[in-house]
Amino acid sequence: MNLVVNGEPRTLDVEARTLLVHALRDGLGLTGAHIGCDTSQCGACTILLDGRAVKSCTLLTVQAEGTEVTTIEGLARDGELHPVQRAFIEHHGLQCGFCTPGMILTAVDLLERHSDPDDETIRRSLRGNLCRCTGYHGIVEAIRAAAGERNGTS
Amino acid sequence: MIPAEVEYVRAGSLEDALDALADPEAKVLAGGQSLVSVLKLRLVRPRLLVDIGGLELRGVELRDGELRIGALTVWDELVEASELRRPALAAIPECAAGVGDLQVRNRGTIGGSLAHADPASDLPALTIALGASFVLRSPEGERAVPAEDFFQGPFLTALLPQELLTEIVVPPPPAGSGSAYESIEHPASGFALAGAGALVLPDGTRSVGVTGVSGHPFRLDSPDEAEAMLAGVDVFGDHFASAEYRRRLAEVTVRRALARAEQRREEDERWTA
Amino acid sequence: MDSVIGVPRPRTDSPEKVSGATRYAGDDVLPGLLHGWLVLSTEAHATIVSIEKEAALAVPGVVAVLTADDLPVVAEGSGRSNEPLARSEVVFSGQPIALVVAESEAAAEDGAEVVMVEYESLEPVLDLEGAMRPGAPLGRHPGEEDASGMESVHAAVGAGEQELPEEELSGNVLKRSFREEGDLEAAFETSDAVVSGRFETSWIYQSYLEPQTATAWIEPGGVLVVSASTQGAFMSRNELADLFGLPLDKVRVRAAPLGGAFGGKLMLVEPLAAGAALVLGRPVRLLLTRSEDFQASNPAPAAIFELRVGARRSGELTGLDARIVCDRGSTIEWGLEDISSTLVGGPYRWRAFAIRSYGVQTNRVTFGAYRGPGAPPAAFALESLLDELAAQLELDPIEFRLQNAVVEGDVGVSGRAFPVIGARECLERVREHPIWLERNSLPEDEGVGVAVGYWPGGNEPASAACRLDRDGRLTVVTAVADMTGTETTFAAIAAEVLGTTPENVRVVAADTASAPFAGVSGGSKITYTVGRAVERAAEQARERILYVASEELEIAPSDLEIVDGVVRAVGSPDRSLSLEEIAQKALAWGGRYEPIAGQGGVAQPSSAPAAAAHLAHVRVDHETGEVEILRYAVAQDVGRALNPALVEGQMRGGATQAIGWALYEELRYDEHGQLVTGSFLDYAIPTAERVPQIDTLIVEVPAPSGPFGAKGVGEAPVVAGPAAIANAVAAATGIRPRQLPMTAPRVWALLQEASTRTETPPA
Ligand SMILES: Cc1cc2nc3c(=O)[nH]c(=O)nc-3n(C[C@H](O)[C@H](O)[C@H](O)COP(=O)(O)OP(=O)(O)OC[C@H]3O[C@@H](n4cnc5c(N)ncnc54)[C@H](O)[C@@H]3O)c2cc1C
Ligand code: FES
Ligand code: FES
Chain V
1 MNLVVNGEPR
11 TLDVEARTLL
21 VHALRDGLGL
31 TGAHIGCDTS
41 QCGACTILLD
51 GRAVKSCTLL
61 TVQAEGTEVT
71 TIEGLARDGE
81 LHPVQRAFIE
91 HHGLQCGFCT
101 PGMILTAVDL
111 LERHSDPDDE
121 TIRRSLRGNL
131 CRCTGYHGIV
141 EAIRAAAGER
151 NGTS
Chain Y
1 MIPAEVEYVR
11 AGSLEDALDA
21 LADPEAKVLA
31 GGQSLVSVLK
41 LRLVRPRLLV
51 DIGGLELRGV
61 ELRDGELRIG
71 ALTVWDELVE
81 ASELRRPALA
91 AIPECAAGVG
101 DLQVRNRGTI
111 GGSLAHADPA
121 SDLPALTIAL
131 GASFVLRSPE
141 GERAVPAEDF
151 FQGPFLTALL
161 PQELLTEIVV
171 PPPPAGSGSA
181 YESIEHPASG
191 FALAGAGALV
201 LPDGTRSVGV
211 TGVSGHPFRL
221 DSPDEAEAML
231 AGVDVFGDHF
241 ASAEYRRRLA
251 EVTVRRALAR
261 AEQRREEDER
271 WTA
Chain F
1 MDSVIGVPRP
11 RTDSPEKVSG
21 ATRYAGDDVL
31 PGLLHGWLVL
41 STEAHATIVS
51 IEKEAALAVP
61 GVVAVLTADD
71 LPVVAEGSGR
81 SNEPLARSEV
91 VFSGQPIALV
101 VAESEAAAED
111 GAEVVMVEYE
121 SLEPVLDLEG
131 AMRPGAPLGR
141 HPGEEDASGM
151 ESVHAAVGAG
161 EQELPEEELS
171 GNVLKRSFRE
181 EGDLEAAFET
191 SDAVVSGRFE
201 TSWIYQSYLE
211 PQTATAWIEP
221 GGVLVVSAST
231 QGAFMSRNEL
241 ADLFGLPLDK
251 VRVRAAPLGG
261 AFGGKLMLVE
271 PLAAGAALVL
281 GRPVRLLLTR
291 SEDFQASNPA
301 PAAIFELRVG
311 ARRSGELTGL
321 DARIVCDRGS
331 TIEWGLEDIS
341 STLVGGPYRW
351 RAFAIRSYGV
361 QTNRVTFGAY
371 RGPGAPPAAF
381 ALESLLDELA
391 AQLELDPIEF
401 RLQNAVVEGD
411 VGVSGRAFPV
421 IGARECLERV
431 REHPIWLERN
441 SLPEDEGVGV
451 AVGYWPGGNE
461 PASAACRLDR
471 DGRLTVVTAV
481 ADMTGTETTF
491 AAIAAEVLGT
501 TPENVRVVAA
511 DTASAPFAGV
521 SGGSKITYTV
531 GRAVERAAEQ
541 ARERILYVAS
551 EELEIAPSDL
561 EIVDGVVRAV
571 GSPDRSLSLE
581 EIAQKALAWG
591 GRYEPIAGQG
601 GVAQPSSAPA
611 AAAHLAHVRV
621 DHETGEVEIL
631 RYAVAQDVGR
641 ALNPALVEGQ
651 MRGGATQAIG
661 WALYEELRYD
671 EHGQLVTGSF
681 LDYAIPTAER
691 VPQIDTLIVE
701 VPAPSGPFGA
711 KGVGEAPVVA
721 GPAAIANAVA
731 AATGIRPRQL
741 PMTAPRVWAL
751 LQEASTRTET
761 PPA
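Chains as they are written, first to last, in the working numbering: chain V, 1 to 154; chain Y, 1 to 273; chain F, 1 to 763.
Be a bit skeptical, because a hint or two may be false.
Using C-beta positions, here's what the derived DEER-type ranges look like [to be verified]:
(1) N151(V) to T42(F): 48 to 58 angstroms
(2) G66(V) to P202(Y): 39 to 49 angstroms
(3) G141(Y) to P9(V): 38 to 48 angstroms
(4) G27(V) to D69(F): 30 to 40 angstroms
(5) E113(F) to G152(V): 50 to 60 angstroms
(6) R323(F) to N151(V): 56 to 66 angstroms
(7) P31(F) to G148(V): 39 to 49 angstroms
(8) E539(F) to D13(V): 50 to 60 angstroms
(9) P247(F) to P9(V): 32 to 42 angstroms
Treat the hints as calculated values from the structure; they're not laboratory data.
Here the structure is a predicted model, which means the values were calculated and not measured.
Even glycine gets a Cβ: it sits at the ideal position worked out from N, Cα and C.
Only chain V is shown next, with the shape it has when bound in the complex (with noise of 0.2 angstroms):
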C-alpha cells in the first residue's frame, strides 16, 4: 500500500490487522508516535491525517492508503521547530514528553480551525490527550501563545 509519510512517499508491506502507529514505529522507525493505550483514550500516538488530527491506534495502516501522514519527527520545517513546537519548550508544555507529540499534533490541528482560542477552547479540544505529568496549564500556555505568536499579538 502507497502514502505519503512527511512529505515522502512510502510504500508499507503490512498485514490487513497492523495498526498505523505500528506501522509508523516498527515500520519506518518513527518512534515520536507513542503507545500509551489500548482504548483509544490517551492520544500519545496522535498524527495528522490530511491534516487532521487522529488517533493512529485506531486506524488500519490499509485505511490510511493514498493519504498523507505527518508525524512529529515531520512537523518541522527546513529544520526549524513548528511554532507550536517552540512553544511547548518555552511555556513549560512537558515533562517526561511521552504525551508531548501527540499534545502537539492536536494542537496543530485545533490551530488550523481556531485562530485565536480562549482557554477553554483549548482545553476542550485537548480531551483524547491524557498528559500525567504537568496538570496541562503549560500545555495551554503554550498553545495559547503559539496562538499569539501567529496573529502577531505577542
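Starting from the known structure of chain V, fit chains Y and F with the ligands onto it as the hints suggest.
Quick look at chains Y and F with the ligands alone, frame taken from chain V:
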C-alpha cells in the same frame, strides 16, 4: 493489542460493498473508531473487513424539503455544517461537538455510531427526538426505518447482515421550534451516563429521546411527566452508577434539554423570519 | 555574571521531546529483536494445575513459551520479587503466569491467546477488615521456605514504635505497628471538642503515560544488558543479579528516558525481559499493554483510617487516636503501615496520641510506591477532622492549623524532632490568597477548602562525577533516572559553581557499568542528595581549574574568579583564560596538568521535609453530585527554587494528581477479585477539561544541607490536595465526605441522605 488476522477490501462503490457483504463473516468498516477498538480487544473476529470509507455517502444537505445527512459524514462536519445553524436544529451540532474528542470527531462517522448502537452513545437519543429515519440499502433495494424502531438492544439494530446504512433523514421542524441535547458523561469514557435530546415545536408539542440508561435509546412518551415515565423504565446500574442514580440523571437531562430547547424556540423564530 | 539559580529554564531535553527524537525504552532498534507477551492469571486466588503450551508453540513466529520453571531464577521464596512468573499459587488476578516470545508482537499476542491454564480455585481474600479476623482464609499459603521471610504479627519493633499489645488476628495481618505518647484519655477529657470518623481511600493507579517497558540482551562476554523504564538503575542491577545468581559485573542496567513513573517503575518487567533473554540468548522486549499495566503493575493501595481528635477552645490540639489498616494486596515484602502511622500525625504538635496500624494481605495486585506513599489518605482523614474541629470550636481553619503547626525541633509522632519545615509559612501564604479571602461571598453551591500536608523527604548516599572537556564544557555523569527534570537542575547547579552557563554543561545518565552510584529516583531526594553531590563534584573541578589558571597566569587562586566561562583576575579582567583554553592545556599531549575532573558524594545527615498548603474552590451540582474545581492554588515550601519553572511544574502536576485522588480515581475489584476499572475507559484521570489553571505560590525556607538550600519537591504537592477538595465540598454542601474518590454518584448519594435526614426530624 493487535487485531487477530483478517482480510480487507476497500469498496469502490455501494454495489461492491453490498456484494462483499454477502460473506456472512464480513463486517463493514467506516471510520473505525468503534470497530478497530473491538478488533484490538479481539472481541469480534470477522473474516473480512469491507471498508466503505471511500464511498460518496458524505455531507449534509437540504433536499426536497428534508435534511439529509450521509452516513459517512464525520462528527466534525456536523459541528461545522452551515445547514445546521438554525436553533431548531442546534441540537445536532451540539450533540456532535460533545462526542468523543477532536481526533475521534475527525474520523468517526455518524453512520458508524448509529449502526454500532452502543447503548451509551449520544446521537441515537437525538435522532429519536427529531423524528429522523434511516435509509438502509441492501441488494434488494432501499427501505427507511424510523429511528425509534431502529435501535433494538445493546449493539443491536434493525440492520440486516447484507445491509448498509446510507443516509439519515431529518424532517425540518417548523419555524419557531427549538432543540437541545444534554448529557451527563462518564468521567473516563465520556459516553453518556444519561443523555436526552429534545425538540419543542411552536405549538408546544415536545418530543424527547433518552439514551444511556437502558439497553437501547427510547422515546419518552410524555416528556412532561419525565419522572413518572422513567419510573417505568428498566434502568441498568453498574459498579460506578446505580440504577437509581442513572434514573435521576435521566430526569435531570430531560428537564435541562427541554428547558434549553424551549429557549431556542424564540431564537428560531427570529432566525427563520 | 548573573546567577543561574532561581532562573526559570526549559528542561534541557525539551528539543528532542517536542521533535519525537527521544528514545524511550520501547523505541530502541535492535537486530533480531524478539517480542514478549504475557499470559496473566484470570483468577484472584488459585493453584495452577497445568499450563498447556503446545498450541502457542504451533503459532507461526512463536519462539518460546516460558513459565516459572523455565526462567533461570535462583532466588527462593515467594513474593513478586522472587517470582516474576507465578510458581504454583496465584495470588492476584493479573499475575503473570507465562511469557510468550515471538518474532513479532502480533505473533506473540496470537500465541499468548492460546496458552491454556488450568486452575484450582481458592477462596479469594478481598474484604480488608474481614481478612484480619482470626480464622479468616489466608490470601497466601506460606511455604516452608517463607516462614522466615514473612514478618509475623509478633515481629520486631521498629524505630519509634512500641511494644505491641496482644490481639487476636489472622495470619493475613503481616505487620503491626504501635506508637503511643502521653495520656490520651486525659487529653480527650480536657478537650472542648472531640470529633471522629472512619475514612476510606481506594487503590490508585500511577497512570504514567508510558506503560512499563524493558528490553534485554546479552552482550559478547555474557553480560546481561537491560534497558528499561526504571527509576533505579543500580537497584535493578542489584536485584537482577540476586534473582538470577549473576555477578554484578555481568549485569548492566540503563535507565531509559522515563515516560512518567511516579514511584511505580521498578523491577516489574525487567526480570521478565532479562529472564527471556538469558534463556533464549536473543534480545527480548516486553512492552506492557495499558490493560496489562493496569492489572499487573503495582498501584497505591487502599487504606482505612479511623481517627479521633480533640482540641480546646483556645485552639490547642490535644489528642490523636488512630487505627489504620493498610491493604498490602499480595505484597509480602513491605507495607505502608509504618509510614502511615507517622504521617497520620500531620505537621502538628500533639499532647497525647495512640496510633495502631496494620498491614494486611489480600488477593489484589501487589502494591507499589506512588507519589507520597501513604500521605494523601492520612492527610485526607486528619485534615477533614481538623476542619470539623475548627467549625465546632468556631475557629478560623487556617489560624487553628497555624497555632498547632510544628516548627524545627518539635517532636512528631514518629518520635523524632522535625528539621526545618515550612508548614507555617505555606499556611500564611494561602491565608492571603484571593480564593481564601473571597470564601464567604460565594454562591450557595460553591465552597472553598484548605488543607496542609507534608512529605518527610528522603536521603540516601549519592555521588556524581564531572570532567571538563576540550571544548570547555563540563560533562556531569550520574546514574539518575530523570523524573522531574533533575538533569536540567544538575546543569544549573554545576554551571553556578563553575561560573558558566547551563548550556555549557552536559549531563549524562550513564549505565551501571560506568556511572557513580545514585539511588532510586523516589522519595523526593534526587535534587536534595545527588544535586548536592553534583555541586561538590563541580567544586572540585573548579579548584582544579583555578589551579591551572593560577599556574598559567601566575596569580594566586584566591585572586581569580570565573565569570561567563572565563577565568580572570579579580579587578583586572583582561588577564584571563577561557575554560576552553584551560581544558586544552589540561588535556594536552605531554602536558603538565591533570585532566580536570571532579568527584562528589554526600551522605546527607538529615532529610528535608517539604510542606504544602492547598486551596480548592469548587462548585457542586446538587442534582448530579458532580464536583467542578473552579480555582486552585498550592503554596509549597521548596527550600530554594533552583528552577522555578520545574518547581511549578511539579506543584501543578502534583495538584492535578490530587484532583484525581479526590474526584475520580479508583481501581475497583469485584467480588471475585477481578479489576473492573482496568482501562482509561473506566478509570478516569483528570483531563485538560477538568482542571483549572493552578496558581502556584513558591515558599522558600532553605534546607540547611540541600544544594543552595533546595529540598525535594515531587511528593509534597499531592499530599493535602484531596483533603482540601473534601473540605471545599463540605463548605459547598454541608456534607462531610468520608470516602475517596468523591465521585458524582457518591456525592449525590450523600446529598440524598442529608436531605432525607433534614426532611424527617429525629423522633
Ligand atoms: C475515544 C472515543 C470516544 C468516544 N466518545 C463517544 C461519545 O462520547 N459519545 C458517542 O456517542 N460516541 C463516542 N465514541 C464512538 C464514536 O462516536 C464512534 O466510534 C464512531 O462515530 C463510529 O463511527 P465509525 O465510522 O468510526 O464506525 P466504525 O468503527 O467503522 O464502525 C462501527 C460499527 O458500525 C458498523 N457500520 C459502520 N458504518 C456502517 C454503515 N454505514 N452501515 C452499516 N453498518 C455500519 C461497523 O460494521 C461497526 O460494527 C467514541 C469513540 C472513541 C474512540
Ligand atoms: S495509544 Fe492511541 S489513543 Fe492511546
Ligand atoms: S509530560 Fe508526561 S504525560 Fe505529559
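So, going through the hints one by one against the coordinates:
Distance hint for N151(V) and T42(F): a CB-CB separation of about 55 angstroms, consistent with the stated range 48 to 58 angstroms. Look at G66(V) against P202(Y): about 48 angstroms separates their beta carbons, and that is inside 39 to 49 angstroms. Our hint of 38 to 48 angstroms for G141(Y) and P9(V) holds, since their Cβ atoms are close to 42 angstroms apart. Under the hint 30 to 40 angstroms, the C-beta atoms of G27(V) and D69(F), about 36 angstroms apart, fit the expected range.
In this structure, E113(F) and G152(V) meet the distance hint of 50 to 60 angstroms, their C-beta atoms being roughly 56 angstroms apart. A C-beta distance of roughly 60 angstroms is found between R323(F) and N151(V), which places it inside the suggested range of 56 to 66 angstroms. Restraint check, P31(F) to G148(V): a C-beta distance of roughly 47 angstroms satisfies the suggested window 39 to 49 angstroms. Between E539(F) and D13(V) the CB atoms are about 58 angstroms apart, so this pair conforms to the stated range of 50 to 60 angstroms.
Hint check: P247(F) to P9(V), Cβ distance near 52 angstroms, so the stated range 32 to 42 angstroms is violated.
Comparing the model with each earlier hint shows a violation of hint 9 alone; every other hint is respected.
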